[in-house]
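Engineer: If you want the building blocks of each chain, they are given just below.
There are 2 protein chains.
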Amino acid sequence: MSWQPNRQSDSTLQQQIVQWVTAQVERGDWAAGTKLPTQRQLAMQFGVNRSTVQQALEELKAMGVLEATVGSGVYVTRNSWHALLQQTQPNWQNYIETSLHKPNYHTIQLINEYEQRDDVIRLGTGELAPSLLPTEEMEASLRELSLQPKTLGYSSPQGKDELRAAICDYVKKRGIEVEPQNVCIVSGALQALQLIAVGLLEQGSIVFQEPTSYLNSVHPFQSVGMQMIGIQRDEQLAQTLSQRKRKKQAVFYAIPTLHNPTNYVWTSLEKKQLYEVCQAERIPIIEDDVYHELLFEDSLPPIKAMDSSGQVLYIGSVSKTLSPGLRIGWLIGPTTVIERLADIKMQTDYGSSAISQEIVLHWLRSGKYEKHLIRLRQQLQNRADFTERILQEKFRGVADWHKPKGGFYIWLKFHKPVIDKDFFLKLLQRRVLINPGYIYDLQDQHHIRLSYAYATYEELEEGLEILHECVMEATDIL
Amino acid sequence: MSWQPNRQSDSTLQQQIVQWVTAQVERGDWAAGTKLPTQRQLAMQFGVNRSTVQQALEELKAMGVLEATVGSGVYVTRNSWHALLQQTQPNWQNYIETSLHKPNYHTIQLINEYEQRDDVIRLGTGELAPSLLPTEEMEASLRELSLQPKTLGYSSPQGKDELRAAICDYVKKRGIEVEPQNVCIVSGALQALQLIAVGLLEQGSIVFQEPTSYLNSVHPFQSVGMQMIGIQRDEQLAQTLSQRKRKKQAVFYAIPTLHNPTNYVWTSLEKKQLYEVCQAERIPIIEDDVYHELLFEDSLPPIKAMDSSGQVLYIGSVSKTLSPGLRIGWLIGPTTVIERLADIKMQTDYGSSAISQEIVLHWLRSGKYEKHLIRLRQQLQNRADFTERILQEKFRGVADWHKPKGGFYIWLKFHKPVIDKDFFLKLLQRRVLINPGYIYDLQDQHHIRLSYAYATYEELEEGLEILHECVMEATDIL
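Residue numbers (my numbering), protein chains in the order written: chain A, 10 to 487; chain B, 10 to 487.
Just so you know, the hints here were simulated from the structure itself, not pulled from any lab data.
The list cannot tell twin chains apart, which means a pair is met if one copy fits it or any two copies do.
Okay, derived cross-link-like pairs now, SDA-like style, lysine to any residue, Cα gap no bigger than 25 Å in a straight line:
no., residue 1, residue 2
1, K159, A149
2, K159, V129
3, K256, G42
4, K111, S232
5, K70, P14
6, K159, P139
7, K159, Q387
8, K159, L370
9, K430, S165
10, K377, Q157
11, K254, G42
12, K257, S232
13, K182, Q282
14, K111, E211
15, K430, R405
Just chain A, same shape as in the assembly (with noise of 0.2 Å):
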């Protein structure tokens, strides 16, 4: 929704919002019993004043084509002139209510919606910031592609051949010895983890993870009916994993190296107890390993180093380090699981972008990838030492973390739990954008994940104070 009111019209402000949303009712694109957003998000969408905005509601609720529930707030109308106009669409809203997947957690996605804008400050995204992306250097590379035909075509199941083949060396580094047949090419991490829910996982299958967790804040596992069981790192893993699980399937999702939100680093025990326990118990693990590239440090070898008898999919990504944009990631696994997961992908996408697997092959085969790394991660580094000066002026006494070894993020703890969806709007409405503890652990409100990737220095420095005043109003307030 990015339409905004005309200053320079002849009409009012109001008579220009009451017009445009009469008319996504009539042309079905709001369909009945369609939820508004709040006063306050309108009049920031709009970008006018919250009182043009109510009295503009309030004109359409008296036309009929709002009404409005105590304490839900506004809606399309669902019956009188309203209905009659659209009893012969569908009713999408019903289509809507009784589908299948879940939708996103409106923090998310107002995060994804305000994420868009360039008034914004963002203070949580976990992306790189555009100054740190080689964008000169991946135009540079777009002049060096040179195109075979079939390139342009559809790609195999598992993904280009000779990029199966490159990772395959890539990950040789990280103590990871497979053939190209045991990977497989995917769109982003995120796709490898629906492919696993729907390709490996019955309804009712357990997936372990910590307790705060990426895979809260997103439902590859959810929406198919997957129960998601916190569980703490600690000894008693093996007794609890054991219970737990009983008769059912279950996964383990782990994020052993600069772990999403935490930004934890697993010790290399802390990766043979759990490889050693899942074994005994069977259960197969995931191992997120897209932030690995990013430690300051040198990296221990992932859990898939370990993994003699095919218990690990592993899984890894360009989007952390090289671009998002290009949606290259990777799984790798036995032939089995990757034969069966492809050919579920082609059922789903018939494969990644050719052209994106083009450029990640050339990055990789040509050494532009590795050398551009070592720049990043010195970025990376500068912008967590400067962050971290801040925190250190601005938030001792009422926030404690840890120096981040590597990656994006800060997981910063607030001493009190002021950080709720309250807060969110509130730093919001003051542009600033976080992403709070509650979408990785739903009970936290201590926490949020600082990310130091994206916003510029003088964004950090502005976001920061901005993010202090609310806490100490917050604070105040408890």
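Put chain B on the given structure of chain A with help from the hints.
Structural biologist: Frame of chain A; chain B shown alone:
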């Protein structure tokens, strides 16, 4: 599985095969219970005689690595030394068998696999031949692209704004008047169907379609529990839809222009009838319009052009015209629906390749796309004429067909029901790959989807000669 024994090696072919299979099993790459391909298929894959395969399999059975079940094939052993070895491995085969998503039909898996081989004549492929793809122009256009830093980042949920605007302009020529907010960029038409399946339908919903349909060869709806109902395009349509729908949610899937696989083109009256019936029953229509640019003569407006009430979800793509490797298509519908599906797309793969989107934008805006289409249609027309001449010469008396009005396909109907799985495999042994009618309608043993878009002229001639021989042989047996 691309391994072949080395004929220069000191070991015999049989020894090499035994060693290779054992290694697959020991590494856990072939899990216990995995079914092996047939001897014939293995012989083709390894490039050896069938007797060599047979001897190798016997040796592996004697070793206990494989076991045979009478009448059902050869499996990786589930017990004895092998089971001991695998006690610590996850039971992958069990995971796969109980998981949610349907595998592709075996015939389609074979098609996907053999389409990767250079020594096969592809008479069924739904894809432009490499020589018809504008490879050089594409390379040139890569050199013209200027990337913004933001291009390399994550895209917005609905896809790149400029591309959506360009698509609005493009479909306007088809009589479709929409705004960018009505458009969601997808990774090909198949992904659009996948999003609709999980984002709009509930389990047990009905998907109406013509009895013979592309949708029977892929499983976006079936895999999440929808019920597919084939329905004739005739005067009883209204009555049948109303009766069979009863209280369930339903959609109607149609390919009104150059239907896949029949290549049929609906008349304006047929489109109008379907629209009116579905409007009366409030059944949304999914209009798959990915072939319309390939009509040899001017095309009629799509159903979407008569849609005044947001009833039709319209799907377009560049996969059949410019490059399937780009993986770019679009879904057009009411904002409420598009926002919902874009939200799910964000949970599925975080958007389509940004570089692919840039390329399609460049081709649309620069006019290159339409220029390319003019040349392409002419080339397809020539291929259609050439192929039909061969059919006239060889197949009159054994088969019927309609003169193609565009696109890729001739829906070749043999008088005798000879097109079964055995026939498919027999042709494959002779290195000719077809798309048999039974993948589009399980009961069909009369048709093949003959594609004149992929094979070279020489291959078309040779392949059709072999097809003719096999058909005559099969007819004699009947």
